[in-house]
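Given next are the chains, with one letter for each unit.
Number of protein chains: 2
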Amino acid sequence: MGGPPMPPQLPPRPAVHPVHDTPPHGNGGSTLLRIPANCERSPVMNDQADRPLQFRVLARDSASRARLGRALTRHGPYDTPAFMPVGTQGSVKGVLPDHVAATGSQVILANTYHLMLRPGEKVVAELGDLHKFMGWPGPILTDSGGFQVFSLSDINKINDDGVTFKSHIDGSVVHLTPARSIEVQNALGADIIMAFDECPPADAPEPYHREAVERTLRWAGLCREAHARPRDQSLFAIVQGGTDLALRERCARELIAMDFPGYAVGGLAVGEGFEAMKGVLAGVTPMLPEDKPRYLMGVGFPRDIVAAVASGIDMFDCVLPTRNGRNAYAFTARGAIRLRNSKFIRDAGPIEAGCDCYACVHFTRGAIRHFFFAGEMLGPVLVSVHNIRFYQRLMADIRRALAGGTFGEFRADDPRCSLGPTEPDVESPAPQ
Amino acid sequence: MGGPPMPPQLPPRPAVHPVHDTPPHGNGGSTLLRIPANCERSPVMNDQADRPLQFRVLARDSASRARLGRALTRHGPYDTPAFMPVGTQGSVKGVLPDHVAATGSQVILANTYHLMLRPGEKVVAELGDLHKFMGWPGPILTDSGGFQVFSLSDINKINDDGVTFKSHIDGSVVHLTPARSIEVQNALGADIIMAFDECPPADAPEPYHREAVERTLRWAGLCREAHARPRDQSLFAIVQGGTDLALRERCARELIAMDFPGYAVGGLAVGEGFEAMKGVLAGVTPMLPEDKPRYLMGVGFPRDIVAAVASGIDMFDCVLPTRNGRNAYAFTARGAIRLRNSKFIRDAGPIEAGCDCYACVHFTRGAIRHFFFAGEMLGPVLVSVHNIRFYQRLMADIRRALAGGTFGEFRADDPRCSLGPTEPDVESPAPQ
Numbered sequence: 001m002g003g004p005p006m007p008p009q010l011p012p013r014p015a016v017h018p019v020h021d022t023p024p025h026g027n028g029g030s031t032l033l034r035i036p037a038n039c040e041r042s043p044v045m046n047d048q049a050d051r052p053l054q055f056r057v058l059a060r061d062s063a064s065r066a067r068l069g070r071a072l073t074r075h076g077p078y079d080t081p082a083f084m085p086v087g088t089q090g091s092v093k094g095v096l097p098d099h100v101a102a103t104g105s106q107v108i109l110a111n112t113y114h115l116m117l118r119p120g121e122k123v124v125a126e127l128g129d130l131h132k133f134m135g136w137p138g139p140i141l142t143d144s145g146g147f148q149v150f151s152l153s154d155i156n157k158i159n160d161d162g163v164t165f166k167s168h169i170d171g172s173v174v175h176l177t178p179a180r181s182i183e184v185q186n187a188l189g190a191d192i193i194m195a196f197d198e199c200p201p202a203d204a205p206e207p208y209h210r211e212a213v214e215r216t217l218r219w220a221g222l223c224r225e226a227h228a229r230p231r232d233q234s235l236f237a238i239v240q241g242g243t244d245l246a247l248r249e250r251c252a253r254e255l256i257a258m259d260f261p262g263y264a265v266g267g268l269a270v271g272e273g274f275e276a277m278k279g280v281l282a283g284v285t286p287m288l289p290e291d292k293p294r295y296l297m298g299v300g301f302p303r304d305i306v307a308a309v310a311s312g313i314d315m316f317d318c319v320l321p322t323r324n325g326r327n328a329y330a331f332t333a334r335g336a337i338r339l340r341n342s343k344f345i346r347d348a349g350p351i352e353a354g355c356d357c358y359a360c361v362h363f364t365r366g367a368i369r370h371f372f373f374a375g376e377m378l379g380p381v382l383v384s385v386h387n388i389r390f391y392q393r394l395m396a397d398i399r400r401a402l403a404g405g406t407f408g409e410f411r412a413d414d415p416r417c418s419l420g421p422t423e424p425d426v427e428s429p430a431p432q
Numbered sequence: 001m002g003g004p005p006m007p008p009q010l011p012p013r014p015a016v017h018p019v020h021d022t023p024p025h026g027n028g029g030s031t032l033l034r035i036p037a038n039c040e041r042s043p044v045m046n047d048q049a050d051r052p053l054q055f056r057v058l059a060r061d062s063a064s065r066a067r068l069g070r071a072l073t074r075h076g077p078y079d080t081p082a083f084m085p086v087g088t089q090g091s092v093k094g095v096l097p098d099h100v101a102a103t104g105s106q107v108i109l110a111n112t113y114h115l116m117l118r119p120g121e122k123v124v125a126e127l128g129d130l131h132k133f134m135g136w137p138g139p140i141l142t143d144s145g146g147f148q149v150f151s152l153s154d155i156n157k158i159n160d161d162g163v164t165f166k167s168h169i170d171g172s173v174v175h176l177t178p179a180r181s182i183e184v185q186n187a188l189g190a191d192i193i194m195a196f197d198e199c200p201p202a203d204a205p206e207p208y209h210r211e212a213v214e215r216t217l218r219w220a221g222l223c224r225e226a227h228a229r230p231r232d233q234s235l236f237a238i239v240q241g242g243t244d245l246a247l248r249e250r251c252a253r254e255l256i257a258m259d260f261p262g263y264a265v266g267g268l269a270v271g272e273g274f275e276a277m278k279g280v281l282a283g284v285t286p287m288l289p290e291d292k293p294r295y296l297m298g299v300g301f302p303r304d305i306v307a308a309v310a311s312g313i314d315m316f317d318c319v320l321p322t323r324n325g326r327n328a329y330a331f332t333a334r335g336a337i338r339l340r341n342s343k344f345i346r347d348a349g350p351i352e353a354g355c356d357c358y359a360c361v362h363f364t365r366g367a368i369r370h371f372f373f374a375g376e377m378l379g380p381v382l383v384s385v386h387n388i389r390f391y392q393r394l395m396a397d398i399r400r401a402l403a404g405g406t407f408g409e410f411r412a413d414d415p416r417c418s419l420g421p422t423e424p425d426v427e428s429p430a431p432q
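Residue numbers (the numbering used here), protein chains in the order written: chain A, 1 to 432; chain B, 1 to 432.
Check the hints yourself; a few may be wrong.
[As the list claims (entries may be wrong)] Pulled a few chain B residues facing chain A out of the computed Cβ check, cut under 10 Å:
| hint | residue |
| --- | --- |
| 1 | GLN89 |
| 2 | LYS93 |
| 3 | LEU96 |
| 4 | HIS99 |
| 5 | HIS114 |
| 6 | LEU115 |
| 7 | VAL124 |
| 8 | THR243 |
| 9 | LEU245 |
| 10 | ARG303 |
| 11 | THR332 |
| 12 | ALA333 |
| 13 | PHE363 |
In short, the hints are calculated from the structure, not lab data.
Don't be surprised by glycine CBs; every beta carbon is placed ideally from N, CA and C.
All chains should be modelled from the sequences, with the hints used to inform the complete structure.
Written out as structure tokens, the structure reads:
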């Protein structure tokens with residue numbers, strides 16, 4: 001079993017360490033991530049100084065399991081709860097790295113499945129490593145490829161060894177195993193890498209979920225054995241088990257016994273619904289070690305993120321900000337707006353009043369609408385920048401509330417905490 | 001006739017005013033154009049202080065008609081010889097304004113024809129003006145729409161009143177006259193606006209060129225009468241006349257008598273060839289006033305720009321850097337390279353060694369090649385950034401040579417001065 005369960009009504013603790021949010025755009029867009037001078041020599045990290053991922057919980061909410069934290073990787077720090085923009089093929093779509101950093105993003109995600117197929121992990125390694133390849137000197141996480149294999153590809157065969165599938169790019173037959181996934185991720189060189197797991201659909205029958213958990217456990221062990229760069233890269237394990245809490249508990253217990261440096265909750269945001277997701281998180285998250293980061297994969301809408309933070313999750317990734325941005329859907333605290341709408345033709349205001357992103361500071365809604373209709377790249381680029389900054393402002397406000405002991409009020413009062421897929425204009429997330 | 005012809009063998013004069021080149025990327029990409037503190041109160045500008053365009057020649061080459069200059073508009077200064085990136089529809093394609101500024105660009109161009117048709121000049125005006133619309137607080141030039149009407153549209157009728165044509169967007173019938181072009185440009189609000197001219201093809205028969213010159217002259221007068229914002233915007237006239245120097249001289253003489261604040265040479269780079277272009281420039285440029293900026297429209301390759309500078313031209317615009325960039329063609333001093341070429345798969349070098357652009361500092365050739373094959377926007381974006389910076393480094397080096405009295409050596413020795421369309425990999429320019 002995981003760390004000690006939280007005592008109820010623990011009083012809010014002040015942050016012992018200031019929250020170093022990356023400043024918003026305007027403080028130097030061309031300067032990439034800054035590592036605060038006091039971080040690397042911070043005494044709170046010293047007992048973990050030889051580890052590629054140092055993590056500390058800095059404050060806890062009194063009324064939920066939410067926590068404020070800070071992680072330090074070989075490529076710099078990130079504050080938690082953290083949102084990772086997705087750079088599937090080695091690029092956060094349409095957004096140059098200085099603008100990604102200017103949104104306040106500190107850690108980004110790239111997809112092993114896509115990079116393995118094109119250009120191939122050996123090419124990325126020969127070009128430096130993934131940080132050099134992406135022009136991103138800060139922390140990076142790669143997933144294992146498992147989710148994409150199960151959601152994007154034409155699967156030929158799954159067995160205990162691994163998965164044989166056809167590439168979605170050229171139809172060629174590819175074999176992916178736990179050892180191969182780790183080999184690819186070792187070559188890519190991200191700071192955090194993920195164990196290769198089996199991710200069944202939400203509506204899969206119980207025996208499939210049970211079988212997937214057993215496979216995921218065996219594969220986690222194989223991944224740990226295969227991991228050739230444990231001093232550079234931190235391997236996280238993934239808890240599967242669908243919505244069956246007993247199955248989730250078995251998976252979590254076994255993985256915790258293997259002592260990974262971090263744990264992810266997988267197999268959510270795959271169609272199970274918001275209430276079911278909250279139920280699983282309420283059951284699973286308390287099982288996970290208190291002193292290690294917890295990552296909810298592929299989630300989600302602001303509502304989902306706030307709820308998951310309340311259950312004790314520290315890390316998130318989702319394609320929503322960039323995918324919706326490319327389709328002219330912009331997040332605002334009052335709900336999503338679609339900038340192609342004709343009501344914005346003469347709208348001289350920013351996407352969202354008060355937003356400090358590059359798009360809102362420099363461009364009107366009317367101009368952005370025009371860029372979409374004229375087929376100009378700047379339309380997708382600007383709304384992606386705004387949406388990522390929207391997410392990062394949400395995360396910064398969550399962290400500020402946790403540091404100040406006001407997370408309960410934040411959840412109750414801030415309209416962003418209820419933004420979900422029922423917002424009329426927002427598209428649903430889908431697999432990469 | 002124009003200003004006094006240059007005395008032969010005038011010794012090089014030191015610049016009386018330092019050249020304020022915008023610093024390259026890395027000195028603050030998010031800060032837009034800076035107006036040097038000593039510029040607006042510079043004594044050399046004081047006698048023109050009430051004009052919307054102040055211009056001074058700061059140094060002259062001893063062996064050619066090339067000159068170093070500085071212009072000051074209501075939206076800031078630019079150094080000449082200047083290259084203007086093209087933002088046809090209100091956006092330099094794919095490049096956010098902070099990155100445009102980081103290439104060293106100080107003044108940009110937008111197309112009246114495109115913006116008039118979509119979103120319409122009234123919409124742009126209601127959204128602020130073109131500077132606000134484009135997110136570009138620095139100097140902007142708009143063309144008159146004439147070139148696009150003659151090259152892009154399905155023309156129904158040309159007469160002395162104007163041109164009736166079908167919109168290339170929706171086929172609707174549009175009537176464009178000198179007064180209407182100025183009305184549109186007054187509404188857009190660029191710092192420099194252009195007279196509406198008739199631009200025949202290079203191979204048009206002599207009577208057509210003669211008729212076009214007469215029309216261009218009449219229309220220039222109508223444009224001047226129609227210009228409603230002479231205190232904010234500077235109206236440049238355009239010299240037409242094809243390759244017939246007598247016709248060019250008549251056109252130049254009549255326009256100079258009307259005393260415009262600047263003069264353009266139009267009807268070149270339309271298929272006449274490099275030698276013919278040089279011949280026209282050698283004949284026409286000396287006719288133009290010494291104390292006013294001279295603008296060669298739609299030119300061109302580095303070779304063309306250097307030759308035109310030698311004839312006394314101060315301003316240029318061309319779509320080549322961005323259009324070639326979108327097609328993976330990158331300019332280098334040794335010639336163009338096509339980044340889709342398989343030889344770049346594992347190339348860990350920058351696009352061009354020694355280049356200080358964002359793409360070359362942060363990305364490898366191999367990664368950029370991958371972005372093109374993966375359909376990632378960052379491929380076109382990065383090569384466009386590099387190509388604009390390539391052009392601006394060329395312009396900065398031309399200005400430095402003029403300031404230092406070494407332009408002759410520069411022309412003789414620098415390999416960029418011979419880069420033209422015969423480079424195997426470079427695409428030819430074409431109308432917007």
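A quick look at each hint next to the structure:
1. GLN89: Nearest chain A Cβ about 4 Å off; hint holds.
2. LYS93: Holds: closest Cβ of chain A sits about 6 Å from B:LYS93, inside 10 Å.
3. LEU96: Given a least distance of 7 Å, the restraint on B:LEU96 holds.
4. HIS99: holds (7 Å)
5. HIS114: holds (8 Å)
6. LEU115: holds (9 Å)
7. VAL124: holds (8 Å)
8. THR243: Not OK, violated: B:THR243 not within 10 Å of chain A, min 35 Å.
9. LEU245: violated (40 Å)
10. ARG303: violated (29 Å)
11. THR332: violated (19 Å)
12. ALA333: violated (23 Å)
13. PHE363: holds (5 Å)
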